[in-house]
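J.: Read off the chains here:
Protein chains: 4
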Amino acid sequence: MEKMWGGRFTKPMDPKAFEFSSSIGVDQKLARYDVEGSIAHVKMLAKTNIISRDESDRILKGLKEILALITSGRFKPDTKYEDIHTNVQALLEKKVGKVAKMLHTARSRNDQIALDTRLYVRGEIKNIISSITGLQRAILDPGKRYSQVIIPGYTHLQPGQPVLLCHHLLAYVEMLERDNWRLIQASQRADEMPLGAGALAGTTLPIDREYVAKLLKFSKVSANSIDAVSERDFIIETLSSLAILAMHLSRICEDLILWSTQEFGFITIDESFCTGSSLMPQKKNPDILELIRGKTGKVYGNLISVLVMMKSLPLAYNRDLQEDKEPLFNSIETVASSLEVLARLFKGIKVNLKKVMEEAKDELMMTTDLVEYLIKKKVASSQAQLIVGKIVRYCLDKKRKLSELSLKEMKSFSNRFESDIFELFSPQASIKAKRSSGSTNPVQVKAALARWQRKLKR
Amino acid sequence: MEKMWGGRFTKPMDPKAFEFSSSIGVDQKLARYDVEGSIAHVKMLAKTNIISRDESDRILKGLKEILALITSGRFKPDTKYEDIHTNVQALLEKKVGKVAKMLHTARSRNDQIALDTRLYVRGEIKNIISSITGLQRAILDPGKRYSQVIIPGYTHLQPGQPVLLCHHLLAYVEMLERDNWRLIQASQRADEMPLGAGALAGTTLPIDREYVAKLLKFSKVSANSIDAVSERDFIIETLSSLAILAMHLSRICEDLILWSTQEFGFITIDESFCTGSSLMPQKKNPDILELIRGKTGKVYGNLISVLVMMKSLPLAYNRDLQEDKEPLFNSIETVASSLEVLARLFKGIKVNLKKVMEEAKDELMMTTDLVEYLIKKKVASSQAQLIVGKIVRYCLDKKRKLSELSLKEMKSFSNRFESDIFELFSPQASIKAKRSSGSTNPVQVKAALARWQRKLKR
Amino acid sequence: MEKMWGGRFTKPMDPKAFEFSSSIGVDQKLARYDVEGSIAHVKMLAKTNIISRDESDRILKGLKEILALITSGRFKPDTKYEDIHTNVQALLEKKVGKVAKMLHTARSRNDQIALDTRLYVRGEIKNIISSITGLQRAILDPGKRYSQVIIPGYTHLQPGQPVLLCHHLLAYVEMLERDNWRLIQASQRADEMPLGAGALAGTTLPIDREYVAKLLKFSKVSANSIDAVSERDFIIETLSSLAILAMHLSRICEDLILWSTQEFGFITIDESFCTGSSLMPQKKNPDILELIRGKTGKVYGNLISVLVMMKSLPLAYNRDLQEDKEPLFNSIETVASSLEVLARLFKGIKVNLKKVMEEAKDELMMTTDLVEYLIKKKVASSQAQLIVGKIVRYCLDKKRKLSELSLKEMKSFSNRFESDIFELFSPQASIKAKRSSGSTNPVQVKAALARWQRKLKR
Amino acid sequence: MEKMWGGRFTKPMDPKAFEFSSSIGVDQKLARYDVEGSIAHVKMLAKTNIISRDESDRILKGLKEILALITSGRFKPDTKYEDIHTNVQALLEKKVGKVAKMLHTARSRNDQIALDTRLYVRGEIKNIISSITGLQRAILDPGKRYSQVIIPGYTHLQPGQPVLLCHHLLAYVEMLERDNWRLIQASQRADEMPLGAGALAGTTLPIDREYVAKLLKFSKVSANSIDAVSERDFIIETLSSLAILAMHLSRICEDLILWSTQEFGFITIDESFCTGSSLMPQKKNPDILELIRGKTGKVYGNLISVLVMMKSLPLAYNRDLQEDKEPLFNSIETVASSLEVLARLFKGIKVNLKKVMEEAKDELMMTTDLVEYLIKKKVASSQAQLIVGKIVRYCLDKKRKLSELSLKEMKSFSNRFESDIFELFSPQASIKAKRSSGSTNPVQVKAALARWQRKLKR
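Chains as they are written, first to last, in the numbering used here: chain A, 1 to 458; chain B, 459 to 916; chain C, 917 to 1374; chain D, 1375 to 1832.
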């Protein structure tokens, strides 16, 4: 029970209250960032002669030793301290003695924690982005291996039109690229150096905030001291970006779970990413995909947690803000591990060529091409849709395939049909006929794949 | 990396996938319940002769040793096992040898985890309810100590009418009592014994589910095996009840935070529940109240997490369901500690009598009584409201108090006013005049207090 | 711009502020309940001689005329009034003149709106419960029509064990029955008569709250006036119950969407519940199921809305509370229409017997029975699981079915196998062999169906 | 009941299902954008000779007439159509006859609705940003009028240090500026032209997507047809940005509600933004602020709605996506009206100078300056904090003010104190002494105010 304040109080904290308010169990993840921030702060205190060069040197030596402990994994947080700042401070005093007491000069825990969290967000977003890129690369892997494979493209989970598997996979890559952009922008929002805001009003000491910003590679200092200690926008924006990313992962996993059912049977997930059953010996379950999908709930929940916590808080700092960290850390770690394990899984995906080819041949998926055939022959589009709808009905009733109809039968629906329609009824013909940019046309898909390969090259 | 399945698989799990899917870090909190469930299961297996009495005795001996380890805090979960069930199983094998392998007879992890979680919910809700009662008692504490104290009753955070402090505190007690009821009902929903549902279809072994239910004090067995392994309603209902409870706590804390501002100044929070500032030496902040308020976000977020996770899951069991536990445990623990620390805080609350009395005397708060005075003299209510509104305007414009107006002046607004109106302008008169049941009338409040004291007696 | 207050104010409301704060666009749905509450209130005012019998008669006559307007759909809310209460009041004055001004005697809008909302919740929950029962009945419809049909029972969306379709459908009925219970309990929470709480402190007029409660069929009056005007637990509890219900519907719809894919092909959704495509003429999409699934988001969102709105609100009434109604009404209406349309859809479901039978024959789903065969022959369960796992691996490698193995081959895995194992490999045998209560055993399922039919009989 | 598909179907839609799936009640808000999109589409069809110039001219004439109807408010949606697209189409046919049937050429409702929604988001964000700027300007209004006013700066709602009111208000301006940036970035995400994606695969017709993009002022076309019809990131990002904005508004409103309590008494809200009570004639309640605060719940709920709806949706289009619009429209309209009415309210805020000045003089708020005084005299910061803490304790115990202590008394705590400390004990001295950038120092605040005034100039 060690704290950074005292004289005014006549009795110690209630032990249950201390335990309840302690954050060391959570904020120890900030240890590295806390020390890095302190190092910059001390350098500034020396530069501005608020402390002497000698004092600064002694403090810096201690801080660097602590940093080494942390980065090597040997730092053990001590729960007798209420938070990571107090813990680091105590360790520093143990290492360098009384001079350590100067470290907290011109700094409040309000601006210190704002700094630490910004450093954390900036650092972790960098890692997440790198993992996203890793997943994008992994998604291209089956895209390249099965570059000619055509699958049914679904809307409403009913077969729509044939598409290249690779085209479908590239949709995932596009989704993830937007996640990248959102996270970069969240990171830009974190790129503001709050130290020097003090508790809320600034300080009377001649500090140099721009110098601290420069040392810590921030591109600007926060413009308003009250705002600096009371805002957490960059955290919510990060959590929101991670929620959208988790949603994307849930959609990708849903596709893969469906594709790997016995009924769809398009792909096989490698055994090393599946689990069995304690009761049903035949089982091979896509647990990893289900877990990633299930964790979406948590990532959404974390976003809501911080939004709720911030609602109606008067300015400036309130202790409620301490509750921003658990959701932030949890979303970062959940998404990071999901990205990593999903990338590994993608590389082992096998496509069941026979099953996929058979499904892609479903001629009813070529009827849109038949509609456009009529449109090219100047039938109004809604009219063309109706004509082909009737042909579909006819085929369903007669249990016949489109390609089995005679030209005469076809002409009974529209006399614009000529014998060239029979060339339309293959998935290969269907995708090749596509002309619009961004379509599943093989030439375009190949180009898109090449473009992404270049872009994602290490 | 030890698992409960095998023969069908030709390769081990990817290590990152194993780590990702492992739940031992979370579900170790179920250890006690897992063993209790296993004890009942083994007894049933012996009773139905599925295993022999001797086999059962040996397994039971081992399970009881493990239970003793757990309840004494000496059980250390081992992360090489994927979950608590596997961990307990392995420990059992170490203790009693090969016979341990019979424990999993006629049981799937699907129904086992459903059982464990139900036992957990049932047990923990009991604890929460006891903590709610503790908080209710603690709230009555200042209610009794300051039973005559009148405070301004607010609507829109503007003074409305004078009320007894105790009446306000009894509103909290009512709120919490509804939380009790909701949790009892959530607990009733958990009161269904799922074991015997197997993976999803039941079992061909001659088990006796009713016997297991009886041993574990469940009042019924689940009626449908598919539903039994795939539903988590009791968890969501618990999380929802806890969210409403957290909302109540946030409102209580908001009141106390406001009342302990320098500006309101109604109460003093004991120093042992406050913290100071690392920078501003005069500070005494109500951090505990702020933290409880801030944690509301987390409790809401946990509810959303599980609702989202369950959305659109096909029947029956899917691995997504594993993600129900972290939110459940987190909400239970957050609310439990909030209740406990808030109860301690309540007992130390001091009312600043001088400030409160002064505020309660605000005569404008007695104008509703003046309106009702007119109504009793047969002025239509909306007319009465208008008349007194004009008197208020007159007082504000003239910067005079109601009691400073002459009867003549009052009569200029309505000739129904007589000299007895001047008796209305004290907070004591105002509360005593209330006649409706459930009002702030002192006799009624005293009776309500006594009723609650009896009810909450240990 | 007509309001229920005045004298104190010297200027009118800003027109944009009036528009912003007006709730008439939303709370007109309370019209009927508002008038019903007023009728009871007036009767009480007469009974207690606060107004005369004659005054009461005149007001009642007007109120009954307004009620007739509302129930016949001829009531048109007027947006020049800020809320439904003011609107009804103005209409009453038009009908019965000045005496109408007495209606608001001993009543505040704070307790009035609490009453109206409780009446609404009580009334609408009754309707929802009746719709749930309707859906339960509709679900039994295919259950009865296809009472012998066996489908693969899934876990992780991979075939697990064969189950009766009816057993699966009865799981839905169980889920919905819990929704019923939750809503009944939410309705009990709404069963408290708040009128008489006044603005927050009660009233000095000699009202009879128990009489109003009796007239309106409430079983009790609220016990604390401050609590009565500031709590909305019954709304949140209703929203939470509806969220769980919506979650259930999303799971049912997900099953049906999957089952009606071409790949699963278990069922056919009637055309009258599907839509086509403006572009792809072959399409027949299960839009209704997708919409119900999609609306889950809204119902969850409404729950969060009110939880967030209530967070940290100081007692007693605050205007924020007005925002409880839009989410409440939206969830009620969304769920009500979802239940109704889903019930209609269920009655038209056709099962594709050929496809289902074929899938149910998958012998790998009978391996759990094989494991239990060994257990009955005293092989330890985990050992049995391993043996059969190896047989599965053997079959997969050799591309052979279980039933194609010779007894000799089987014995090479375990010498406990005898020739009777070959009787296990049919779905009929599998379900018949189940012995546990609540299992998919046909006798039990038939009994459960009969039980539900009795229970759900009109 | 008119639809855009038919031939394949043998029976009409169930009327309840039609009503349930109809979106015309909601998506009529897209009318203008739907027609603008169609105009661009027709021009492209003509340019690429898919339809003739004459056909195009006739269609365009009709579309422009419909657009005129819409922009003049004379367009009345007809509920017999299922959605706005069908409604516009029918109206067009009425106006220009059969040629209208060509409009839907090379277009699916999947890409059409994606386009409409993007146009809506782009347009409405522009309006919201303009309203944010309006609110920023309005916030500066009292900032300028009361540029010298000092208020207590709070942390934990306890007085911390004196700050300029204007500094506090500028914190709001900073918060809102980040909202601007987020919305601009959400708008950039919407800036992708999806038309031409068809149902999901593109089209075989020789369309020119880049031309449509140019006509509609999009800076790029969507790169992948599957992604184009199935993603809604830009909607969620908009909803998330609006949720953060609503959170900011809730904090601003909370401050104003507190400041306008009788107990704080810092400001007076103009009567025209307050309401009275139907029962308590003295009441003047800050309802508008409470409503804005309360609406936060809704805006959060809308975000969750769409996140939940999207969770686990397989690619590409599913009808669930229709549920994106109600939350989107609701958040846009809620935030737009909140911004507008809050801006009007800000302009009428009056500061109660006497009350504010009195509060700002609280000498305990100057103790941080006293700590820094010691630090400048080379006392280590934590030591200085402790010394001043003891002085605070001494003052509280003796009920004396800091300025009433003698130098001798002060020196008994630290001999570094000199007589110049007595100059520290005024709020003016405190703010002037601040030296750090971004602090409440008057010179800096003045500069910041000037900077914002320039920036926000019309």
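Hints in this document: simulated from the structure, not taken from any laboratory.
Every value quoted in this text rests on a predicted model; they were computed, and no experiment measured them.
One or more of the hints may lead you astray.
Said to hold, decoys possible - DSSO-like cross-link-like pairs, simulated, lysine-lysine; straight-line CA separation at most 30 Å:
hint : chain 1 : residue 1 : chain 2 : residue 2
1    : A       : Lys-390   : C       : Lys-1263
2    : D       : Lys-1724  : B       : Lys-856
3    : D       : Lys-1435  : A       : Lys-220
4    : A       : Lys-126   : D       : Lys-1472
5    : C       : Lys-1136  : B       : Lys-584
6    : B       : Lys-552   : C       : Lys-1263
7    : B       : Lys-672   : C       : Lys-1136
8    : D       : Lys-1829  : C       : Lys-932
9    : B       : Lys-835   : C       : Lys-1263
10   : A       : Lys-350   : C       : Lys-1315
11   : A       : Lys-390   : D       : Lys-1472
12   : D       : Lys-1752  : A       : Lys-64
13   : A       : Lys-401   : C       : Lys-1270
14   : D       : Lys-1752  : A       : Lys-377
15   : D       : Lys-1438  : A       : Lys-47
16   : A       : Lys-214   : D       : Lys-1752
17   : A       : Lys-350   : A       : Lys-214
18   : B       : Lys-834   : C       : Lys-1315
19   : A       : Lys-61    : D       : Lys-1752
20   : D       : Lys-1724  : A       : Lys-377
Claimed, not checked - Not close to chain B: a few residues of chain C, all C-beta gaps over 12 Å, as computed:
hint : residue
21   : Leu-961
22   : Asp-1027
23   : Gln-1077
24   : Ala-1087
25   : Arg-1125
26   : Ala-1259
As the list claims (entries may be wrong) - Listed next, the stretches of chain B that the computed footprint assigns to chain A, with coverage defined by at least 3 CB atoms under 8 Å from CB atoms of chain A:
hint : stretch
27   : 509-522
28   : 561-573
29   : 748-762
30   : 798-811
No residue lacks a Cβ here, since even glycine has one placed at the ideal position from N, Cα and C.
J.: Next step is simple, just say for each hint if it's right about the structure.
T.: Results of checking the hints against the structure:
1. Of the supplied pair hints, the one linking Lys-390(A) and Lys-1263(C) holds, its CA atoms being roughly 27 Å apart against a limit of 30 Å.
2. Taking the CA atoms of Lys-1724(D) and Lys-856(B), the gap is near 20 Å; set against the 30 Å cutoff, the hint holds.
3. A distance of roughly 54 Å separates the Cα atoms of Lys-1435(D) and Lys-220(A); the hinted pair therefore is violated under the 30 Å criterion.
4. Between the alpha carbons of Lys-126(A) and Lys-1472(D) the distance comes to roughly 57 Å, so the proposed pair goes past 30 Å and is violated.
5. A C-alpha spacing of about 27 Å is found between Lys-1136(C) and Lys-584(B), which places the hinted pair at or below 30 Å, so the restraint holds.
6. The straight-line distance between the Cα atoms of Lys-552(B) and Lys-1263(C) is roughly 56 Å, outside the 30 Å bound, and the hint therefore fails.
7. Under the criterion of a C-alpha separation no larger than 30 Å, the hint pairing Lys-672(B) with Lys-1136(C) is inconsistent with the structure, at around 37 Å.
8. Our distance criterion of 30 Å between C-alpha atoms is met by Lys-1829(D) and Lys-932(C), whose separation comes to about 27 Å.
9. For the proposed pair Lys-835(B) and Lys-1263(C), the alpha carbon gap of about 65 Å is over 30 Å, so the pair is violated.
10. For the hint pairing Lys-350(A) with Lys-1315(C), the CA-to-CA distance comes to about 18 Å; that is within 30 Å, so the pair holds.
11. Only pairs whose Cα atoms come within 30 Å are accepted, and Lys-390(A) paired with Lys-1472(D) is accepted, the gap being roughly 20 Å.
12. With a CA separation close to 24 Å, the supplied pair Lys-1752(D) and Lys-64(A) stays within the 30 Å bound.
13. For a cut-off of 30 Å, the pair hint linking Lys-401(A) to Lys-1270(C) stands: about 20 Å separates their Cα positions.
14. Distance hint between Lys-1752(D) and Lys-377(A) is unfulfilled; the C-alpha atoms sit about 91 Å from each other, more than 30 Å.
15. The suggested pairing of Lys-1438(D) with Lys-47(A) is violated, with an alpha-carbon distance near 68 Å, which exceeds 30 Å.
16. With a C-alpha separation of about 27 Å, the suggested pairing of Lys-214(A) with Lys-1752(D) holds against the 30 Å cut-off.
17. Taken as a hint, the Lys-350(A) and Lys-214(A) pair is broken in the structure, with Cα atoms around 50 Å apart against an allowance of 30 Å.
18. Proposed proximity of Lys-834(B) and Lys-1315(C) is contradicted: the alpha carbons are some 93 Å apart, above 30 Å.
19. Straight-line distance between C-alpha atoms of Lys-61(A) and Lys-1752(D) comes to about 21 Å, which keeps the hinted pair within the 30 Å bound.
20. With a CA separation close to 73 Å, the supplied pair Lys-1724(D) and Lys-377(A) exceeds the 30 Å bound.
21. The Cβ of Leu-961(C) does not lie farther than 12 Å from every Cβ of chain B; its closest approach is about 10 Å, which violates its non-interface assignment.
22. For Asp-1027(C), the requirement that its beta carbon stay farther than 12 Å from each beta carbon of chain B is not met, with the minimum near 10 Å.
23. With a minimum CB-CB distance of about 4 Å to chain B, Gln-1077(C) fails to clear the 12 Å threshold, and the non-interface call is violated.
24. With a closest Cβ-Cβ approach of about 4 Å to chain B, Ala-1087(C) is found to fall inside the 12 Å limit, against its non-interface label.
25. Not every C-beta of chain B lies more than 12 Å from that of Arg-1125(C), the closest at about 5 Å, which undercuts listing it as non-interface.
26. With a cut of 12 Å on Cβ distances, Ala-1259(C) stays outside the contact zone with chain B, its closest approach being about 19 Å.
27. For a cut-off of 8 Å, the count of residues in the stretch 509-522 of chain B with a CB near a CB of chain A stands at 0, and the three-residue condition is violated.
28. Counting residues of the stretch 561-573 of chain B whose C-beta lies closer than 8 Å to any C-beta of chain A gives 5; at least three are required, and the coverage claim holds.
29. As drawn, the stretch 748-762 of chain B meets chain A at 13 residues by the rule of a beta-carbon pair under 8 Å; at three or more, the given contact holds.
30. Counting residues of the stretch 798-811 of chain B whose beta carbon lies closer than 8 Å to any beta carbon of chain A gives 4, which meets the minimum of three for the stated coverage.
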